[in-house]
Amino acid sequence: MEEIVFGIGITALAGALATIAGAAEDTESDIGSQGDPNSQVQLAPQMGYVHRIFNKAIAGEPPAYGLWVALGAGLAWAFMAMQINPILAIVLGSALAVFVQGVYATTAYLGRTASLSKFEQPVYVDILKSMTTVTMAHAFVAIFATVTVCHLMNSALGHPFPLPLLGLVWGIALGAAGSATGNPFYGKERQYQNQAFGAGVPIAASGNIVRYAEAGQRNSIDNGFFSAKLGGPASGICFGLIVFFELWRTVVFEPVAAGWGAILVGVVVILIFAIIDRYIEVWARKTFGPYVAPEEASS
Amino acid sequence: MTALGAPKQTAGVQPPTGMGIVLSIVLIVIALALAYLLLQMAGLVALIGIVIGGALVAFGVHFVPVGGAPAAMGQSPGITTGVAMLAAGAGLAGLFAGAWAAPLGLAIAVASGAIGGGLLMAITCTMVNIIYVFGMGIPAASGKVAKDPITGDTFPEYKSQGTEGHGLPFVSWVGGVIGGALGGFGGTLIYLELLGVYQAQLPVLLGATVEQIAPVAISLAGIFAVGMFLVNAVLAAYNITGTIEGPHDPKFKRFPRAIIASAVASAVAGIVALGLFQLLGVF
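Line order of the protein sequences matches chains A and B. In terms of our numbering, the first sequence opens at residue 1 and continues consecutively. In terms of our numbering, the second sequence opens at residue 1 and continues consecutively.
Hint data in this document are derived by calculation from the structure and do not stem from the laboratory.
Covered stretches of chain B (chain A as the covering partner; in silico rule of three or more C-beta atoms under 8 Å from a C-beta of chain A):
(1) 77-89
(2) 94-106
(3) 110-120
(4) 123-132
(5) 151-163
(6) 213-220
Don't be surprised by glycine CBs; every beta carbon is placed ideally from N, CA and C.
All chains, please: the whole structure from these sequences, using the hints.
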């Protein structure tokens, strides 16, 4: 009994840390414009819209975070093998991984932006100086929290995978959750505020991103401020729920029915999410209503 | 060409060529023969398991609704990330769960892997719809079919002008969960087959007990399973080219080609993983 209570406590802590990681990850990727709408930032100068938005997307978020978290976890693992206190080891490992992220951000921004010079897009050195440190700070929070989750899974809950492999697995899952949940909010709601709310962006408007903020030209710190209001927290909740439910169903229900209990609970949780999703879908159809009459659309 | 970059003529069925099928069969037979030569029946069974696992991963990827950058602007339906990335995220979460349940036996481990992958997709797809509805104010509408095959909802009147649809219709949600589950199932199967072989080989090679070599065997099997997962996910992504809405999308019918290709890729990669220690001995 005591073991299960301890397991639930660790599960809750891991879920909370994962929530923080998800929120920081999405905000970081939106400041760096590394998520999927990054193609619009790349396209804008080609359509004649020169901008001051950071763009470091040369690989997608999931593989990039897979690398950074695996690196942080691997270094932390090595420090722990050198008898360094686990908390200090995780901080040191994450800090070193963040320097790699900083180098990546710098070279990716310079390379990507320089390739647009024929469309008269300048490389802004002040943007490079101010944004890189901000993405590094957010990346540190995301990497540190995820490596800590992996360490808890490995040492407290007894997962057989070594820390670096867990880092790779959960780094990719973190990137996938953040990129899936947070990106539409940044892509549609932030980059295309010139389009009507409650409708998708017409294909003809591609590249025509909003470049001006309330005071002067918009930059990526404005985007981080915007993402932190909904996209970031939603990504955090997404990743937090994934980590929590994966651990919770195993820790509590694996002893039931020789392991089938955890599987059954997993199926029930999936069905509950199916009901929530269907409810939201029907609510949206009723509340927002059809854009055109059904007869007209089917003709 | 549409503005989304996919040529129209590539949609729908694209059967594999005769030459491709013959080459694939030859390569798979060579790999199976090598597995038998290296490890006798145990190797043969393990490689068959790896091929089935790889094919399941590639098949599962076709179910996952992926919209990429257009989805991030509400320009096409799906989840806003790349096919390989999302499928890898789901499959690896499944592998995490499957590896944890490995001591409980094959059936529970693969079932746990499938549920792990399905659970990640269920939560992700639900959160995606929450953002579409409450963050962007748009209802789900498919651009590929007029009606949701599961719920019967009609789409054309909910689709905003100038887009190919947006949001995540219920059929795509179900497709995502099935895809995640197949990925988790396949990935765990690959892991377990490799783990079994390494646990048999390593104690003899290093003169140690099964418990002593466990960390090495688990790490190697895990790394190879992750690698083979990525091989199959990327391969399936190339077959899909760009975006797919799920099982109702015409591109879904391309899956036989991906299954054949991933069976070959898994057989070739699998033989390298199985014969790892023999290969190391050669050098």
